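Based on these hints, arrange chains C and Z on the given structure of chain E.
Below, each chain spelled out in residue letters.
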Amino acid sequence: MQEAQFIAILWLIGVLAEAMTGALAAGKKQMDLFGVVIIGCATAIGGGTLRDMLLGNYPLIWVENWHYLVAIGFASLLTVIIAPVMRYLSKLFLAIDALGLAVFSIVGAQKTLLLGFSPVVAVVMGVVTGVFGGIIRDILCNQMPLIFRKELYAVISIITAGLYVFLSQWQLAEWLNLSLCLTLGFSLRMLAIKYHWAMPTFDYQTGSDPHLD
Amino acid sequence: MQEAQFIAILWLIGVLAEAMTGALAAGKKQMDLFGVVIIGCATAIGGGTLRDMLLGNYPLIWVENWHYLVAIGFASLLTVIIAPVMRYLSKLFLAIDALGLAVFSIVGAQKTLLLGFSPVVAVVMGVVTGVFGGIIRDILCNQMPLIFRKELYAVISIITAGLYVFLSQWQLAEWLNLSLCLTLGFSLRMLAIKYHWAMPTFDYQTGSDPHLD
Amino acid sequence: MQEAQFIAILWLIGVLAEAMTGALAAGKKQMDLFGVVIIGCATAIGGGTLRDMLLGNYPLIWVENWHYLVAIGFASLLTVIIAPVMRYLSKLFLAIDALGLAVFSIVGAQKTLLLGFSPVVAVVMGVVTGVFGGIIRDILCNQMPLIFRKELYAVISIITAGLYVFLSQWQLAEWLNLSLCLTLGFSLRMLAIKYHWAMPTFDYQTGSDPHLD
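Residue numbers (full-length UniProt numbering), protein chains in the order written: chain E, 1 to 213; chain C, 1 to 213; chain Z, 1 to 213.
Keep in mind that a hint or two might mislead.
Here are the computed distance ranges between Cβ atoms for each label pair [claimed, not checked]:
(1) C:Trp175 x Z:Trp175: 56 to 66 Å
(2) E:Ala95 x Z:Leu191: 56 to 66 Å
(3) E:Trp170 x C:Phe74: 25 to 35 Å
(4) E:Ile9 x Z:Met190: 25 to 35 Å
(5) C:Ala4 x E:Phe6: 31 to 41 Å
(6) C:Gln205 x Z:Ala95: 34 to 44 Å
(7) C:Gln5 x Z:Gly116: 53 to 63 Å
(8) E:Pro59 x Z:Leu78: 53 to 63 Å
(9) E:Gln30 x C:Asn142: 12 to 22 Å
(10) C:Leu114 x Z:Leu114: 24 to 34 Å
Short derived list, chain C residues pointing at chain Z, Cβ under 7 Å [unchecked claim]:
(11) Gly27
(12) Met31
(13) Phe34
(14) Gly35
(15) Val63
(16) Asn65
Please keep in mind that the hints were generated in silico from the structure rather than gathered at the bench. Small disclaimer: the values here were computed from a predicted structure and weren't measured. All residues carry an ideal CB built from backbone N, CA and C; glycine is no exception.
The shape of chain E in the complex, shown without the other chains (with noise of 0.2 Å):
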């Protein structure tokens, strides 16, 4: 059990980050308190959530343990008082979220490979818990959603939530399998960073759409 007891610590700690990138995005639509707590909140469990959606997979954890939303709504007040503070700890943040990625896309995938769904949806389900959270953010905040178009994000989320199922498949020992999946995710999501890696995009800039003609 302590491997469930380490993987939890980390995913509070990913999920209060969120919150804060949450509460950050936010601020820079000079949204008032409500709309921080919202957006903290959407942000950090918006992912989790819908996925359960999704797999019918019913009570919501926040839904189940009201205590999460509590923190996760402090956590989002509190970047409102410590902002002048955060860029100077920026690097720090970086390296929370890269980790909270890495753990939402091993929890998404080892949650849904529990209540029996295949691997290809277990690792969909851990993309989706990894990066709708930020969709989620960045749709309420009135802007395209960043993934879509910044370095490597959703892919090291595939990878991190792929290589889980995988190794699962092949009775790893699950702590084995945690370390390397975490190790792995947050590994390529720093290098992305640092490198800015990423993906090819897809340019189809005309006047004439089919769908519209």
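Just chains C and Z, lined up with the frame of chain E:
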């Protein structure tokens, strides 16, 4: 059962008023009549629908009872016809909308408690019911949700749902609880409009985004 | 069972065509390949997914049968490769999209009736299946949903689903019902494009918003 009927009538008035604010928002974006009906429906029942989907509480009210949908659709289309008159009725409209906010917040919290969820979740679901119709409306209209930046709205939903849940724990007579919460929510909203009460905003303008540096 | 196979094939063609319109929309926003796949999937299966989530009908089709997801992902990526050719195929594409609209509307209504819901809900769910993929696509691309402003699209979904439900109540042979509705929906959409049929729009431009005065 008389309180139940009383609150049901107020709820219906609130739903129809919300449908009309949705239809007006669609008109500002020069949408066609289909858009008007969709935005009207999403504004009127989006909050309650999201609440029930988050709680896994099926079937949804309007799926079980389609008469609501038809009434909401008609209210949306009626708005198109009476739009020229509506600006003379704007004070009345604001009052109905304030009433709707209070009723939605109370009903959302009440239903959640009846389903056996915790008081904190009941308050959260009161707020979801009260404000997410407007958030969904703004997302569909491709504009930043108004309630994240305008005078007190969501906070009144929190206070109203919070008071209802608090008094419910103390076994206050339902009719007294409803009367108090309705009066408080309605009055606060009207005062917030009159005196332009607003939440403090969080302004985080900077080129250095810790998330993307 | 032959009608079931026939409609399943048409449905698959429609799903893949919708994935391609989603991929093109992503290309117009210069998204990366991950964005292309996400938008392709959301466009193709977003409407049906929302329908089943509103009805509480689990497991979702693509959760139970992940092959669809893989096929949709490949169709999205294929679009990137064949994009230069697609503008010469725009007429073909429009026809497939029109077919997809009719099939989705019918299948959405059919499934809802089979689950035992009322005729009105079946029509609504036919429309949700037919048009919400495109609405979700536009929200993810941060643009106002096209179908709220363009030539007849959603109304054809209403008519097609409505006719299917009406004829189902009269116990018309399923193959005859399917043929009639498919022909009607497809023809109406092609005519709407050719003659630029559009819904009247609601233009409510004013500085005095009753909601926010």
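Quick rundown of the hints versus the structure:
{"no.": "1", "hint": "C:Trp175 x Z:Trp175: 56 to 66 Å", "verdict": "holds, 58 Å"}
{"no.": "2", "hint": "E:Ala95 x Z:Leu191: 56 to 66 Å", "verdict": "holds, 58 Å"}
{"no.": "3", "hint": "E:Trp170 x C:Phe74: 25 to 35 Å", "verdict": "violated, 60 Å"}
{"no.": "4", "hint": "E:Ile9 x Z:Met190: 25 to 35 Å", "verdict": "violated, 59 Å"}
{"no.": "5", "hint": "C:Ala4 x E:Phe6: 31 to 41 Å", "verdict": "violated, 50 Å"}
{"no.": "6", "hint": "C:Gln205 x Z:Ala95: 34 to 44 Å", "verdict": "violated, 49 Å"}
{"no.": "7", "hint": "C:Gln5 x Z:Gly116: 53 to 63 Å", "verdict": "violated, 29 Å"}
{"no.": "8", "hint": "E:Pro59 x Z:Leu78: 53 to 63 Å", "verdict": "violated, 40 Å"}
{"no.": "9", "hint": "E:Gln30 x C:Asn142: 12 to 22 Å", "verdict": "holds, 19 Å"}
{"no.": "10", "hint": "C:Leu114 x Z:Leu114: 24 to 34 Å", "verdict": "holds, 31 Å"}
{"no.": "11", "hint": "Gly27", "verdict": "holds, 3 Å"}
{"no.": "12", "hint": "Met31", "verdict": "holds, 4 Å"}
{"no.": "13", "hint": "Phe34", "verdict": "holds, 4 Å"}
{"no.": "14", "hint": "Gly35", "verdict": "holds, 3 Å"}
{"no.": "15", "hint": "Val63", "verdict": "holds, 5 Å"}
{"no.": "16", "hint": "Asn65", "verdict": "violated, 9 Å"}
Of the numbered hints listed earlier, those contradicted by the structure are 3, 4, 5, 6, 7, 8 and 16.
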